[in-house]
Structures are given as C-alpha cells and as structure tokens.
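In order, the protein sequences belong to chains F and E. With this note's numbering as the guide, the letters of the first sequence map in order to residues 114 to 373. With this note's numbering as the guide, the letters of the second sequence map in order to residues 198 to 509.
Each hint should be verified, as a subset may be incorrect.
Calculated lysine to aspartate or glutamate pairs in the EDC-like style (CA-CA distance at most 20 Å, straight line) [said to hold, decoys possible]:
1. Lys457(E) / Asp470(E)
2. Lys124(F) / Glu320(E)
3. Lys251(E) / Asp297(E)
4. Lys214(F) / Asp282(E)
5. Lys402(E) / Asp217(E)
6. Lys251(E) / Asp217(E)
7. Lys251(E) / Glu226(F)
8. Lys214(F) / Asp297(E)
9. Lys418(E) / Asp472(E)
10. Lys124(F) / Glu202(E)
11. Lys124(F) / Glu324(E)
12. Lys124(F) / Glu288(E)
13. Lys402(E) / Asp212(E)
14. Lys251(E) / Asp372(F)
15. Lys483(E) / Glu442(E)
16. Lys214(F) / Glu288(E)
17. Lys418(E) / Glu442(E)
18. Lys402(E) / Glu202(E)
19. Lys251(E) / Asp293(F)
20. Lys483(E) / Asp410(E)
21. Lys418(E) / Asp475(E)
22. Lys251(E) / Asp282(E)
23. Lys214(F) / Glu324(E)
These aren't lab readings, by the way, just hints derived from the structure by calculation.
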Amino acid sequence: MTAILRLESRKRIRSSVVLVVVFALLSALYFSMFPSIEEDIEELMEGFPDFFFDLFGIEALHTIEGFIAAEIYSFFWVVLVGIYFAYIGAGLIAGDVRDRKMDLTLSNPVSRESVALQKVAALWTPLVLLNVGVAVIVYIGAIVIGEHIDPVALTMVHLLSVPYLLVCAAIGLVASVIFDRARSARAMALSLVFVLWLLDGISQLDPDFEWAGVLSPSRYYDETAILVREEYAYPDAVVLLVAFLVLLGVATVIFTRRDI
Amino acid sequence: MAPIEIEDLTKRYGDLAANDAVVFDVERGEIFGYLGPNGAGKTTTIRLLLGLIKPTAGTATVLGADIRDRRALTGVKTNIGYLPDTLGFEERLTGTQVLDHFARMRGDERRAELLDLFRPPLEKPVETYSSGNKRMLGIVQAFMHDPDLVIMDEPTSGLDPLKQDRLHQFLEAERDAGTTIFLSSHVLSEVQRVCDRVGIIRAGKLIALENIDDLLTQSGKNVWVHLEEPVENARFLTDDMIDVEVTGATIQFTYTGDVKTLLAHLVQFEIVDADIGDPQLDDIFKHYYGDEGETDATNEDATREDTTAEVE
Numbered sequence: 114m115t116a117i118l119r120l121e122s123r124k125r126i127r128s129s130v131v132l133v134v135v136f137a138l139l140s141a142l143y144f145s146m147f148p149s150i151e152e153d154i155e156e157l158m159e160g161f162p163d164f165f166f167d168l169f170g171i172e173a174l175h176t177i178e179g180f181i182a183a184e185i186y187s188f189f190w191v192v193l194v195g196i197y198f199a200y201i202g203a204g205l206i207a208g209d210v211r212d213r214k215m216d217l218t219l220s221n222p223v224s225r226e227s228v229a230l231q232k233v234a235a236l237w238t239p240l241v242l243l244n245v246g247v248a249v250i251v252y253i254g255a256i257v258i259g260e261h262i263d264p265v266a267l268t269m270v271h272l273l274s275v276p277y278l279l280v281c282a283a284i285g286l287v288a289s290v291i292f293d294r295a296r297s298a299r300a301m302a303l304s305l306v307f308v309l310w311l312l313d314g315i316s317q318l319d320p321d322f323e324w325a326g327v328l329s330p331s332r333y334y335d336e337t338a339i340l341v342r343e344e345y346a347y348p349d350a351v352v353l354l355v356a357f358l359v360l361l362g363v364a365t366v367i368f369t370r371r372d373i
Numbered sequence: 198m199a200p201i202e203i204e205d206l207t208k209r210y211g212d213l214a215a216n217d218a219v220v221f222d223v224e225r226g227e228i229f230g231y232l233g234p235n236g237a238g239k240t241t242t243i244r245l246l247l248g249l250i251k252p253t254a255g256t257a258t259v260l261g262a263d264i265r266d267r268r269a270l271t272g273v274k275t276n277i278g279y280l281p282d283t284l285g286f287e288e289r290l291t292g293t294q295v296l297d298h299f300a301r302m303r304g305d306e307r308r309a310e311l312l313d314l315f316r317p318p319l320e321k322p323v324e325t326y327s328s329g330n331k332r333m334l335g336i337v338q339a340f341m342h343d344p345d346l347v348i349m350d351e352p353t354s355g356l357d358p359l360k361q362d363r364l365h366q367f368l369e370a371e372r373d374a375g376t377t378i379f380l381s382s383h384v385l386s387e388v389q390r391v392c393d394r395v396g397i398i399r400a401g402k403l404i405a406l407e408n409i410d411d412l413l414t415q416s417g418k419n420v421w422v423h424l425e426e427p428v429e430n431a432r433f434l435t436d437d438m439i440d441v442e443v444t445g446a447t448i449q450f451t452y453t454g455d456v457k458t459l460l461a462h463l464v465q466f467e468i469v470d471a472d473i474g475d476p477q478l479d480d481i482f483k484h485y486y487g488d489e490g491e492t493d494a495t496n497e498d499a500t501r502e503d504t505t506a507e508v509e
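Isolated chain F, as found in the complex (with noise of 0.2 Å):
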C-alpha cells in the first residue's frame, strides 16, 4: 500500500525545486559578497553588537565555512527550511479533512495509521532534493569563488539537519491533527517553529538562561560547529531522532481517534 506515498511525494515536488531555486539564488548572491566582505570583515563586525553574532551561533566569519555558516544555514536553513517542513506538515492532514480528500482516502482499505505514516514519509521528496541541490550548489559555489569547502562537514551539516527537519514537521503534524483548518494548523505550527528557534537564539545569549532553550529543536543542531570546527553531536541527532518519533506517534493516535 504505496498509493499514498506515491502521490504525496509527488506533490511535494514542485515547492521543493522552487525553494533549491531560491537557495541558488541567494548562494550566488554571498559568494559573490564573500571575496570583498573576507577583507573588510573586522569593520563590518564591529558594526554589528556581539549578541547579534550570540544569536545566530555565527563565528569565523572571515573563513568560507564560517561565512556559509552564517549566511546560509543559521537563518536560511534553520529558520526558513524548518518552517517550510512545519508548513508541510501542517497541511498533511488538516487540508485533506477540511476539503474531505480525507473522506474519499479512507473509504479505501487503508488505516488511518498508514494514511498518516505515508504522508510523512513522502517527505523524502523535499528532504533529498533539499539537501542534494543545496549541498552541491554551496559546493560548486565555493570552487567557483576559489575557495573550498570541507565535503565532508558538508555533508554532514545537511545530514545532520535531517532530524532537525523532521521535528518541525512532526510540529506541524501535530497541529494538523488537533486542528480542523489548514490555516490554523499552519499559522501555529509556522509560529511555534519560530519561537522555540528565537527561544534557543536568546536563551544562548545569558548562561543563566540557557535552559530555556532547551525544548528547542535548533539547540540540537548546530551549523556553526560542523562547519566550522567539524564536531558532529550525534546524540543531539538521536534526541531529534526520538522528539520526532514520539510527536509522529502522538499525532498518529490524535488522528485515529478523531472524528474527520
């Protein structure tokens, strides 16, 4: 029973290539940046407050992994990625009860339980293509300019993110079972995604404070470190990995004892 898979995965196609396209785009406008800012980058950090560097986890800003940290990963792929996942999930099951596709998905011999795992497993759609097209532009990007980017730190700040995304989606499955519009499920999974992200930001600002943060998902992944230092926290991955599995599982019983 692939039906569904086949079909959300299908579906998830066209948002992902147009998001791959906007990396693009922004990847050739910080490369371009990157060769005249890698000069001038102690007077253009001097002009920032140092919580702003605090916030984003942005250091060694004058190497290309560092500025690529920065740049494209802290905000780019944490914020608007992790969004975009907490959007998607959002939408898998609260859309299709509102339009009652769900009524027409579930007068097939299908479960609900399979109904929910193959939309989220459909996510290897936008998760492949994601990483792939992203990775290989950054790569491509940082040869063109002259420079070189490490291809295993690479590889493993997108790998690593996987888990990471997979949160804010499972977020945004969980608002999507609860509740009964898309509009809302989104606007709450979108909102909660970037408040627990700002929650991590600020709370790494005061060592007093740290704990806040620590029910964010961003506080277990961490750009700057494998980029830059190459340290790749796989228990932060397993706690993703777990966060993940015990939301798709809350939202799954949600959903089987709903009424749609």
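For chain F, the structure is supplied; the task is to place chain E on it using the hints.
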C-alpha cells in the same frame, strides 16, 4: 447477515442529535433510499457507517464489520464503493490519474466498462471539471473495483436529467446483478424511481421505513374524476376520500380505501374521464413530515425539487 445493520445509532454534537437512535437494515441486493431534507442527518449516518466519525451510542455493522472496530472496517472497505456528497479529488491530477490512484488501493477491473457509460474528460485536470463531470468521475471510482456494497450520498446532484436516467438504469442493473446499494437523497422522484425500500429521516430520527410499493399503497390513490355535470357532494363523497377538492364537475381527492370499492362507487355516476394513480412521494413526504414540516425551510427546498402533479 445483511450488508448494513444499524442498531440505535446515535451521534450527538453537544445538545444536537444529528442521528438519534436510528435503526434499520439494508438487505443484500436491494436499492435502499435514505430520504430526508438537507440537514436531516443523512450524511452523518453515512459517515458513521464509513468510520469517519464515531457514534456517541449504538453501533452498526457494514459487511459484517462493526464500525467501532477500525481494523475490521478497514478490511471490508475492499468491497465497498463510496460516492461522497462533496467530492474531494486531488484537483491538480487528471481524471485518469485520480482513477489510477484509487486503482492502486482497491483495483479497477470494471473501469473501462464504466467509462463507456459515464464519460468525464479524463485527460483534463479535475480542477477544470464541472460538478456533473466530477460526479461522473466519482461514480466510476465508486464502482470500478466491483464492490458488493455501494454507499452513495446524493448521487445525482449536479447530473443533467439524461445522466440521471443513465445512473438510475445502471443502478438497477447493478442491483439485479446482486450489488447492494444504499443511497441518500432529498429528491423524492429519484427515490421513487429507483429504490426498493426507503427510510425517511427527519431531524436525526428515522420516521418511516417502508417498501416503496407499500408506502404508495398506504398513502392511498390520487383520484381525478370529471363528471358530466356537477353533483351534490353529499351524494358523491365517502369517508375514504380525503383532501377533496371540487371544482365544478371536476373532483380531485386521495382515496384511502379499496380500489374495487371505489370503482363500484364511481360507475353510479356519469363519468366523462377519470384517472387513478399513485401519489407522488412528494405528497407522502408531506404526510410524514406533517404540520411540523410546513415551516421547515429545508423541507420546502426539498419538495420544490419535484413539483409534478402537485395536488393541493
């Protein structure tokens, strides 16, 4: 075991009982009409039967599976066809892709045959479809896996009269081939035309469950008599005549007694022309809904659908 057995099925939303202790069975190989005005609770019953919503009390079995047993119900859906009232297709797919999608889940051995009868524009995306074309696509997907039981919610809405006739003929052929059909409708003539039995639901309660023929018999005959010249009412009228309307030499009434007695009575008079026929379900509907129905807007909408032979 009957394909559908409903026992005290109840669904409450707060104080409102969308279905209130509904009881009936749908027998194998019959076309059962579930009749009622919009908002009476027809769709609620159907969605309960499919396990989309859970009963507050009571239960039902569909092809032997208890609707509270999700696993069992999912299992029997291989043998169920469903045409919802609102057709939520994947709008960007073409008709062919939609059918392919459902075929992967439950087969499509009768697809070609059905597409000879019902012809939605398969190459076009569903978002460009008219409501009639969507309905046809819905009919094809409901029958293409050759199910034993087909549940249809307002199957003819959006279809032009020609397609409605085609569907009715098709349903009769399916019934004769052993398929059980449960259809809901607020269109009286449709139920009268195609159904073997009918359940009438109003405000969540089943208020009548009859064979169509019995329903018509019990409701008496519509009689129209044109006499050569006006006669005295006292001489002509009997106690079995109700809803009498006299216009000069023409008399219209509903006859609740035996037809032979009526004929024997009529031959005493100089009759120019006479007509004895079954009443429209429309009238029966009013009879069941009675005084309460008079002020019910949805009921008026429902009866407006079929105003042929309005006798008032």
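Here is how each hint holds up against the structure:
1. A C-alpha spacing of about 17 Å is found between Lys457(E) and Asp470(E), which places the hinted pair at or below 20 Å, so the restraint holds.
2. Restraint check for Lys124(F) and Glu320(E): the C-alpha separation of about 19 Å stays at or below 20 Å, so the hint holds.
3. Proposed proximity of Lys251(E) and Asp297(E) is contradicted: the alpha carbons are some 30 Å apart, above 20 Å.
4. Taking the CA atoms of Lys214(F) and Asp282(E), the gap is near 12 Å; set against the 20 Å cutoff, the hint holds.
5. Between the alpha carbons of Lys402(E) and Asp217(E) the distance comes to roughly 5 Å, so the proposed pair stays at or under 20 Å and holds.
6. Note on Lys251(E) and Asp217(E): the hinted pairing holds, with a Cα-Cα distance of about 14 Å set against a maximum of 20 Å.
7. For the proposed pair Lys251(E) and Glu226(F), the alpha carbon gap of about 16 Å is at most 20 Å, so the pair holds.
8. Taking the CA atoms of Lys214(F) and Asp297(E), the gap is near 16 Å; set against the 20 Å cutoff, the hint holds.
9. Between Lys418(E) and Asp472(E), the direct Cα distance comes to roughly 10 Å. Compliance with the 20 Å bound is thereby established for this hinted pair.
10. At most 20 Å may separate the alpha-carbon atoms for a hinted pair to count; Lys124(F) and Glu202(E) exceed this at roughly 39 Å.
11. The suggested pairing of Lys124(F) with Glu324(E) holds, with an alpha-carbon distance near 15 Å, which does not exceed 20 Å.
12. Restraint check for Lys124(F) and Glu288(E): the C-alpha separation of about 11 Å stays at or below 20 Å, so the hint holds.
13. For the proposed pair Lys402(E) and Asp212(E), the alpha carbon gap of about 14 Å is at most 20 Å, so the pair holds.
14. Taking the CA atoms of Lys251(E) and Asp372(F), the gap is near 6 Å; set against the 20 Å cutoff, the hint holds.
15. Between Lys483(E) and Glu442(E), the direct Cα distance comes to roughly 18 Å. Compliance with the 20 Å bound is thereby established for this hinted pair.
16. Our distance criterion of 20 Å between C-alpha atoms is met by Lys214(F) and Glu288(E), whose separation comes to about 10 Å.
17. At roughly 14 Å between alpha-carbon atoms, Lys418(E) and Glu442(E) fall within 20 Å of each other, so this suggested pair holds.
18. At roughly 16 Å between alpha-carbon atoms, Lys402(E) and Glu202(E) fall within 20 Å of each other, so this suggested pair holds.
19. Proximity of Lys251(E) to Asp293(F) is assessed by CA-CA distance (about 16 Å); at most 20 Å being required, the pair is judged to hold.
20. Restraint check for Lys483(E) and Asp410(E): satisfied, since their Cα atoms lie roughly 17 Å apart, inside the 20 Å limit.
21. Of the supplied pair hints, the one linking Lys418(E) and Asp475(E) holds, its CA atoms being roughly 5 Å apart against a limit of 20 Å.
22. With a C-alpha separation of about 19 Å, the suggested pair Lys251(E) and Asp282(E) falls inside the 20 Å cut-off, and the hint holds.
23. Between Lys214(F) and Glu324(E) the alpha-carbon distance is near 13 Å, which keeps this suggested pair within the 20 Å criterion.
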